[in-house]
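There are 2 protein chains.
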Amino acid sequence: MSLKHVILTLIHQAPSTGYEINKSFEQKIGYFWHASHQQVYQELAKLKKTEMLTCEHKPQTDKPDKKIYSITVKGRDELRKWLHQSLPEKKYKDILLVRLLSADLLPLDKLCEQIQKAAEFEQHRLDEFLHIQKQCYSDEQKKYLSALDKRLFINMRKGILLAEAELAWAKEALETLQN
Amino acid sequence: MSLKHVILTLIHQAPSTGYEINKSFEQKIGYFWHASHQQVYQELAKLKKTEMLTCEHKPQTDKPDKKIYSITVKGRDELRKWLHQSLPEKKYKDILLVRLLSADLLPLDKLCEQIQKAAEFEQHRLDEFLHIQKQCYSDEQKKYLSALDKRLFINMRKGILLAEAELAWAKEALETLQN
DNA sequence: CCTAGCATGTAAGCCGTTACATGATTGG
DNA sequence: CCAATCATGTAACGGCTTACATGCTAGG
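From first to last, the protein sequence lines stand for chains A and B.
Per the numbering used here, residue 143 is the first one in the first sequence, and the count goes up by one each step.
Per the numbering used here, residue 143 is the first one in the second sequence, and the count goes up by one each step.
Misleading hints may appear alongside valid ones.
Pairs involving identical chains hold if they fit within one copy or between any two copies, as the list cannot separate such chains.
[To be verified] Calculated pairs, DMTMM-like style, for lysine to aspartate or glutamate (alpha carbon to alpha carbon, straight line, at most 25 angstroms): (1) Lys-313 with Glu-264; (2) Lys-232 with Glu-168; (3) Lys-146 with Glu-282; (4) Lys-285 with Glu-162; (5) Lys-165 with Glu-264.
To be clear, the hints were calculated from the coordinates, so they are not data collected in a lab.
Computed from a predicted model, the values in this text were never measured in an experiment.
Let the sequences and hints guide you as you build the complete structure.
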């Protein structure tokens, strides 16, 4: 229900192509919203058909042609409406926690391996965030953030706090399981 | 892809009815895996058709009839196979963080309200977990946990750690936004 | 009397994944 | 020469949501 609005948000910030939007999902946006490139192109087509976006075809000679999407008044209205709606309830899905329940079919060492691997993934994530924090948000820089940069900073902080919590949990879990 | 396995896990622990499984999703399982009752009934039908489950019809006089599902050898094999597969990558979806990006269309006070409300929701979740922790896992009780209870304890701890991280983030976010 | 609990589903439609598809240019 | 980057999609299928549907009993 919301990929639509994520895309509208991105194009509201600046007109862009499907390719650029996909780049965002692979990089920074991907940290808090996942989407595949196929899904993005399908959604763009839908948003064009419902007149939330307009599309300008731009031929290129050395590279494949581009389609540059811009948001319409109708699209901006839709986005504004959505932003003011209250948040739907979160739908938790954590496979590792499900696996923990299947006690006797998954041996302890295999389970610990999986937790370990998940922890490594989170550590990697955390390192990336910490790197960004160091690069872009020194104490000095933090004093002069624009409204948008401030909000980006807050997003990154959530990435850090959640990754840290995941890591703390993994450590604790392994200790409890192996004692 | 995994509701199937969540249900198999539950029925592997003990034969049950669709109604009971739905109760689990509304209560403890719901903390880390969401599913609607329609989805559960549909999945049960599918699992029966593919011979992962058998079904015993049990008429009742004072209440509606029941269908008691049990796991088959094939079902257990499928579950075991799934448990040994490596975890798929997590797909993050956090609407609040998307809304933070749409700077100029959502006024600061509205945004803060939404963060506040999300924080209250997390606080409620945390309180529930802390209540369970107090009831079921005193220091004394923790010494004598069965293998399964230990794993349940670990699950609850994740609920606590993540809820705390969400709360810490919300507090920090509100401060940053309002300074 | 009305609500909550017990107990089960079907149908339509949208959302998301997986597989398939093309083809030029640039840099190592 | 090979891989990566640029740039776009279609088709089939499966997962999940939303709306609709039924009907009895016990308790306040």
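#### Entry: Hints violated by the structure (numbers, ascending)
Of the numbered hints given earlier, those the structure breaks are 3 and 4, listed in rising order.
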